[in-house]
Amino acid sequence: MTESGNNTTEFTRHRVLIIDDAEDVHRLLGARLKQERLELLSALDGRTALEMAREQDPSLVLLDLDMPGMDGFEVLRHLKASDETHEIPVIVLSGLQSPADKVTAFDLGAVDYITKPFDLMELRVRVRSALKMADLINMLAQRAHIDGLTGLYNRIAFDERWAQSTAENQRHAKPLSLAIFDLDHFKSINDTYGHPAGDEALRTFARLLQRECRQSDVPCRFGGEEFVLIMPETGPDAAAAVCNRIREALEAIEWPAHPERRVTVSCGVLGADNTATISPSDWVQATDEQLYAAKNGGRNRVMVSRADRADQSLRQTG
Amino acid sequence: MAFGWGVQMSNPESFGPPIRSEFAGDPDMLELVEEFVRELPGRAASLSASYDQGEIESVTRLTHQLSGACGGYGFGEIGEVARDLECRLKKMGSAAELLTVREQVDELVSMCSRVVV
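Sequences listed follow chains A and B, in order. Start counting the first sequence at 1; every next residue gets the next number (this note's numbering). Start counting the second sequence at 1001; every next residue gets the next number (this note's numbering).
Just to be clear, a hint being listed does not mean it is correct.
[Stated by the list, open to error] Straight line, CA to CA, 27 Å or less: simulated BS3-like cross-link-like pairs of lysine-lysine: (1) A:LYS80 to A:LYS132; (2) A:LYS132 to A:LYS34; (3) B:LYS1091 to A:LYS102; (4) A:LYS187 to A:LYS295; (5) A:LYS132 to A:LYS102; (6) B:LYS1090 to A:LYS174.
Quick caveat, the hints were computed from the structure, so don't treat them as lab data.
Using the sequences provided together with the hints, build the complete structure.
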């Protein structure tokens, strides 16, 4: 996830799911919202709507209340009760005009309420406003998970992703590896060449990490000069190979600010080909111990061990 | 055609002035309004037929659709009549009570058959 990645939301078309039992209303909204550059999805009943909301992940839902079968309140309840859909903002679009209905809709989690027949301009501005709010909330949520200096995921994001990855490993015995990288003698780079040079080293390593790892890998800045890489579907041997490639790529870089000084990295890897025999937090701890071993072994190296065996002997690779 | 709607539809003027869409001048809406207007007499006929058969569910559903849509296509006046009718229909316990809304159904069907773009 990079800075430029965050900005793309402004340029993508928002997907809006319209839920109404009357086809007229879908056609009408299609015409009324034509200028808004939205991708409109239509559902004519509640069950279909819930399925579409899960599968298509719309940015906004426009929901009619008065529908046969599952009514709008029920749809709203389901949307808000599911982890997959509870964050999607919902504007209720209804012929029901009583304050009690409006209160119920807001209590159930609707962000806005438009009464039918709707005024064209009012509809447009309310849709725009809801989408803008949703964008801001998404952006804040993303920012909270992004490291400002490098644009990588931060520690908070790592904790979430690591919990997901280890759960996958436990459930399906899928291979999984974790690497912790620590730039060698980073303090001395800062002290000798100044903090801008230190920041440049961090940013460069972050870019390299992103470039050299695979699509499914999750690179994060752990804090300071420490980085972690979650490697799903990857056993310890393949993980060590990836990390060695990263280590070598960093060592090969020439630095305009300090041509006489290369930057190197030490790395600890702990991986499993099968279900791990240690807890997620012990896994991180044990990976850190591998890193420590790499540092003690002379730095600029990758140390690897297993998380799925009693025999967790140290091995140095590279 | 127990109530004679067919006569109204073939000659709307004789039962009241034509009803125009408020959005007739909106180029974005023109095509949609035209389509809606084309379909409306058919819907009115279905409503009338359902009413004659005493099919309360079908009458309620068709009225609900009209109440939701008419306003949006610039026929607010028809939408209001449909909404009032819908309210009364929803409070009914049996199809026998349909007789109490005959006048409103007549009015709604008549209005639907008088629409023009």
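- Straight-line alpha-carbon gap A:LYS132 to A:LYS34, limit 27 Å: holds, 18 Å
- Message: Against the 27 Å threshold, does the CA-CA distance of A:LYS132 and A:LYS102 hold or violate the hint?
- Response: holds, 22 Å
- Pair hint B:LYS1091 and A:LYS102, alpha-carbon separation not exceeding 27 Å: holds, 21 Å
- Message: Does A:LYS174 sit within 27 Å of B:LYS1090, going by the straight-line distance between their CA atoms?
- Response: violated, 56 Å
- Task: Decide if the proposed pair is consistent with the structure: A:LYS187 and A:LYS295, CA atoms, cutoff 27 Å inclusive.
- Result: holds, 15 Å
- Query: Between A:LYS80 and A:LYS132, does the CA-CA distance stay at or below 27 Å?
  - Reply: At roughly 20 Å apart (the allowed maximum being 27 Å), A:LYS132 and A:LYS80 satisfy the hint.
When held up to the earlier numbered hints, the structure conflicts with hint 6 and nothing else.
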